[in-house]
Amino acid sequence: MTVTDAPKLITARFDQDDAYLLSGYEASGGYKALRKALGSSPDAVMAEVKAANIQGRGGAGFPAGTKWGFLPPDISPRYLVVNGDESEPGTYKDRLLLERDPHQLIEGVLIAAFAIAANQAFIYIRGEMPLAHERVANALNEAYAAGYIGRDIMGSGWSIDVVLHWGAGAYIVGEETALIESLEGNRGMPRLKPPFFPAVKGLYMQPTIVNNVETLSNVPWIVNNGGAAFAALGTEESSGTRIFALSGHVRRPGVYEVEMGKTTFRDLIEAPVYGGGIHHGRSLKAFIPGGASAPWFYEEHLDLPLSKPAVDKAGSMLGSGAVVVMDETTCPVRAALRVVRFFAHESCGKCTPCREGTNWLEKIMHRIEEGTGRLDDLDLLLDVSDNLSPGITWPPKQTTICPLGPSAVSPVASSIKRFRDDYLAHIDHGGCTYD
Amino acid sequence: MTDIATSESVTETGVSITLNGRVIEAQPGELVITAAENAGVYIPRFCHHPRMEPVGMCRMCIVEIDTGRGPALLPSCMIPVAEGMVVETESPITKKAQDGVLEFLLINHPLDCPVCDKGGECPLQDQTVAFGPGESRFIEEKRHYEKPIAISEVVQLDRERCILCDRCTRFSQTVAGDPLISFVNRGNATEVNTFPDHPFASYFSGNTVQICPVGALTATPYRFKARPWDLDQVESTCTSCSVGCRVAIESSSNQLVRYLGVDVDAVNWGWLCDKGRFDFEAVNSENRLVRPLVREGDELVDSTWSDALAKASHALAGAKERHGSASIAIVGGARLTNEEAYVWSKFARSVLGTDSIDAQIGDGLPSDIALGLPRATIDETCAAKTVVLLSPDLKEELPVLYLRLRDAVVNHGLKLVEISASETSMTPYAAVSLRYRPGEAALLAQQLFEGSGDVDVQADLGRARTLIEGGSTVCVLGRSSVAERADSVVQAALRLCSHVPAIRFLVALRRANVHGALDMGLTPGMLPGRVSLEDGREAFTDAWGELPEVVGLDTTGVLHAAAEGRIQALVLLGADPLADFPDRDLARRALVGAGFVVAIDCFETDSVRQADVVFPAATYGEKTGTTTNIEGRVSRLNQKVTSPGTSRPDWMIATELAERLGGDLGFETVEEIWDEIERLAPAHSGITRERLSSSEGLEGIVANGHSPNVVTTMEATATVTLPVDGYSLRLVSARKLYDNGTIVQQSPSLAPLAPGEIVRANPADLDRLGVTTNDRVRIASSRGAIIAPIEPDVGVARGTVMLAFNQPGSGAADLIDASLPVTEVRVETVGRGDQEVSG
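These protein sequences, in sequence, are chains A and B. Under our numbering, think of the first position of the first sequence as 2, with each following residue one higher. Under our numbering, think of the first position of the second sequence as 768, with each following residue one higher.
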C-alpha cells in the first residue's frame, strides 16, 4: 500500500469548519498568494504555473500554463471563465471545493486573471449545487468588501470583476464552448473547434481561458510554494496531487487527495485511508477510472499509477477524477445501459449523430436488458458506436461536434468487449441474468 | 461572408488543395464544401445554406480533411480551405460516416414521402434514394408529435419530419431578425417551435419553407396543391413591390401554385417576402374580371370587346374633338410591364394628344426627383459607409430591401441615420434616429447641417452629421406618410444634395413597376428614357408624330380638374384612386366629375365600379416583357399561365383603342416594343433584347444610359415652420405590408393578415387627452372624421398619431386633404372598445 506523505494542497481546509468564511480562510493563510502575485508580475506568475506543469483537472488534462499561453497577445477584453459545471456521474470533487473552500478558488481565479491580464472573470456553477452557489456568492461578497476583488486591488492598480453564474441543469454545459454559449444567454450547445477555440474566439468571441475549479484551486499553493515545489510532487508527467472522487462498491466512498503518479488504483480502492476495499468482501468486476466517459478498467489495471500517461496508454483516461467501482454482482449490461442512458438524456440535440445515436444505443441496450434483444444487436451496437466514434479507438475519433456522443460509446464498447458472454446470456435467457 | 472566411489571411492568389487525389485551385477563405462544389464534387449537406452562417450541425458533409496533422472527419461547411489541405470526399471512412449520419437522420423520420409536399424535390429523399440503405435497422417506435401544427397563418410545421438542421431557426434569427421560432427541449426531444402565444408572424416566414431540406415546413397556400413533378417553372421577377426579387413561378394545370425565390447577388439573395411569395392566389382568383363591362344606367353589365372598345374610343374621340386633348387624362400604370407602359405613353401622347398621364397615385414623389437624383444600386447602398433613411418603413413597403440593409448593418458595419416621424422597423438598427414633426423633414435637414434646433437633440444631430459627411453616403428616399405633402421630404433631399455633393439616392417608390412606368414616361412632362418632353420633343416627334405642346397634370392635378368638370375622359390604368389616393374625398368628387371613365383592371375595385367601360386586363404571370426595379434594373417577366376569360395585356388594349381612333402604334409583339424602347429611350440605349436574354440579363441590367440631373436645376427653398395647433395631433399615415389593396385582399392566405384600423399614439399624449387603452376615439380633421380603436405606442412620437393607410375599415384617406401640407387631427374619446358607439 502506498499512501504517500505528500501534503494536502487543496483539501487542507476541508476539516476546518469556518474555511468557507473569509475570516477562516485568512486565518489559515488565505489571500497571501494573491498579495504575493500582485507584488510580482503577470509573466512571473505565468512562469510559476508553467513550471508547476499542472494538468487541467476538468477531464482533458491539458497543461494549464500552456493553455494560458495560447491567448493571443494584445487582444482585449479577454476573459477567465471557471468551469464549475461538474456533472459527470460519480464526480463530486469540485462541489466540495466550492462548498468548503470557496475563497481558495476565488484567490486562484484572481491570480490566474492577473497572470493572463483579464479584468473580468466568470464563475459558472452547476444549477444543482445550491450550497456551492450560496457559499461562493457569499465569499465573493466578502472578497469584494475586503478589497480582494474590484478596483485597484491592494493598491496594485489592477482591477477585476468576478461574476457568478448559476447553470440551469445541463451536463453538456461542462463542455467549455457550451458553457460559453450558456454564459452568453444562449442554449447550452457546443461550438465547433475549430474555429471556436476559446483561447482565440471564446466568450463574446473574445479570447477566453476556461479552467476547472480544481485546477484554479491549486494556483494559490503554487504561487505560495513555487511551481518547482508543485512539480516535485507526483511524477514528471503527472505533477502535484489530485482529488479523486471514489464511489460505487467500496467500503469508504469519498473524495481523496492523493499524490499523482505514485498512488495506484489499487491504493485508492483498497487502502484503509481511502476506499478500504470492495464492500461486503466481494471481488472486483470492473471500474471506471475517470468518469462515465472513460472506457472501463478491470482487475489487471489495478496497479496502474494514477498518472495521465499511464492511464492513457492503457486505453482510458483519468478524466474528471471519478473512480466508480463495480463488484462481481454488477450486471455489466445494466451498468452500461445506465451510463448510456445518462448520455442520451444529456445529449444537447445539436448534431445528428449524438442526438439520434446515443438515443438509439440506449434503446438497443434497454431492449437487451429487458430481454427482447437479438443476436445481431451486438453488431448493431458496435456499428452505431462506430458511426458516432469511427473505429471505436482511444482516444476517440468523432463524427459529432463535441465528445459527448463518443462518451456513450465507451461503456458500450467496453462492456461488449469484456462481457460479451453476459450480453449473449441476456439474449438467450430473455432478460437480465443478475436479477 | 462568414467570420471564418474573413479571419483567414486573404491573399491575391488562389489556394491549392488536393481533392480526391486531384489538385484544385480554390479561393482563399472559401469553405471546403464550396470549393469542392466549384470543382464538380458535390458533398451532401442539409444544414449548410450559402446565404447563412454555417453551423456544422447536421454532420452530413463531414469528409476526411488533412491539414498536415493527419486526416480527420470534419464538416466541410465549417472549414475554410488552406494551402496543401488534402480532402477525401469518397474515402471509405468518409462514406461510412456519411452513411451513418444519413441513417441517424432517418431513424426518426416518418418516411411519409407519398403524402409529403416535399416528396420529389426533397434533399433527404434524394440522398436516401441515392446512397441510403434499403432497409432500416431501427425497429423501435419513432418519435411522435402532433402533425402538422400551424405556427403562423401561412406556415405549417411537421415536427416528425424535421431533421433539426437549424435552417429555419437560423433564418428567422439571423436573416429576418424575427427570432420567433427556436429549438425547444433537448437531445432526442429537441423540436422546433414557436414561443407560447407568439406565432411565427414574420413577413419572411415563407423563406423557411423554401429552405427547409425536408417537408417539415409547408406553406398553407401550396399544401397538397401539386407534386413537384407536375410543376412547370419559369423564371421571372416579382412585382409585388419595386425591389424586383427574382422568382421562379410554378404552375400546375394552368394555375399558379408556387413562387420560389431565386438567388441573385444583386437583388434578393434568394429571399422573398410572404406577400410576394403568396400573392399568386390573387392571380388565380375567381373574382378576376374576365370580360369587358359597360355601364347601363346604374349597373355595369357584361359586354364584348368590340362593343366596349367602340364605346371607349367613341368617348375618347368625342372628348378630344369637343374639349381638346387636355380634357383627357390617364391615371395609373404601375402594374404594367415596361413595354406596356411605353405603349400607353405613346398612345397618350401621339394618339390622344394628352400629357396628363401619371403612374403615381399622389402618394409618391415628384417625377423629376424620382428620376433626376443621382442613383445608387442596392449593392452600392449596402456597401456605403452611411445610409440615410428618409423613407417609409422599409420592412412594410420594400421588405427584401429591409433584409439587405439589415444584413449590411448587422454583418458589415453599415451605419444608418434614420430621419423619420416615428419609430420604424429599422430604428433598432440605426446608429442615430432623428425625429421630425410631420411636414417638417426639411426643417430637420436644415438643423442637421446648420446645428440649429433644440439643445437636447444637438448630440444626435452632430453624430448624424459626422456620419453623413464622413464618407460614401446613400439616401433611401421616399414618402414616409401620405398624410403630409411630398414637399418636405423633397426639400430635405435637396438639402442633403447641397451639403453632401457626393450623396446618391435609392428612390423608395413602392408600387410594382412604378419605376419602369416613370422611365417610360407615364408621368407628365417626361418621355421614355428619362428625357423631358422638351428635350425629347424632336427625337420623339420623328418617331411618334406630333406631341402635346404643354406639360400635363399629375394625378393630384387630374383629380382636381376632374372634380371641377374639366376632364371629359379619364382612363384608370389599373388605378384605384378611391383606395390609394391619399385624399378620398377628392378622388370621389373626381370620379363623379369626370365625363367618362374607362377602367382597365383585373378586379372590380371601388373605382372600377364608377367606370363607364371596363376592360379586363391580364396580369402577372400571364404576360411577358420586362420590369424595372427600384434601382432602375430592367429584368425579364415571363408568362406561365394564360389569362382568364378574354382578358388581355394592357398594351394590346392601347393598340386596339389607337386603331379605333385612327392611329397605328405600330406594334404586333412585345419584342417589337422593346426594340423601339432600346432605340428611342436614352436611358435604355444598349439594353438590347439579346443582352436581356443572355446570362447577364438573369439578374437584370441597370438602365443608366441617361439621367436628368435634378440637383443642378432644383434648389432647396427656405424651410418653413408650420404653426403648431396645441389642441391637435399631426397624422402620420403609412402603409403596412398587408393592407386593403386588391392583391392582398384577393389572396385568401394574406387577407386575414392585414392588421386593420388601429390608431396609435404616444401614451403621454393619450394621458394628456384623457384617453385610455381600449377606448374608441373620434379623430377629426378639417376633411372629415372617423371612429376607431386606439392603442398606446411609445414608438409614436409625441404630438403625432398614427393610422395605417388603406387598411380594411381604415378611414385615413377620409381625413387627408391633399392640398394641405400636413393633416392636423383632434382626438377625443367616444367610449370603451367593447361598447356600442353612438353618434
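Bear in mind the hints are in silico, worked out from the structure with no lab data behind them. No residue lacks a Cβ here, since even glycine has one placed at the ideal position from N, Cα and C. Errors might be hidden in some of the hints.
Here are some chain B residues pointing at chain A (derived, C-beta under 10 Å) [claimed, not checked]:
no. : residue
1   : L841
2   : F905
3   : Y1494
To see whether the hints hold, each was checked on the structure:
no.: 1; hint: L841; verdict: holds, 8 Å
no.: 2; hint: F905; verdict: holds, 7 Å
no.: 3; hint: Y1494; verdict: violated, 47 Å
Hint compliance for this structure: hint 3 alone is broken.
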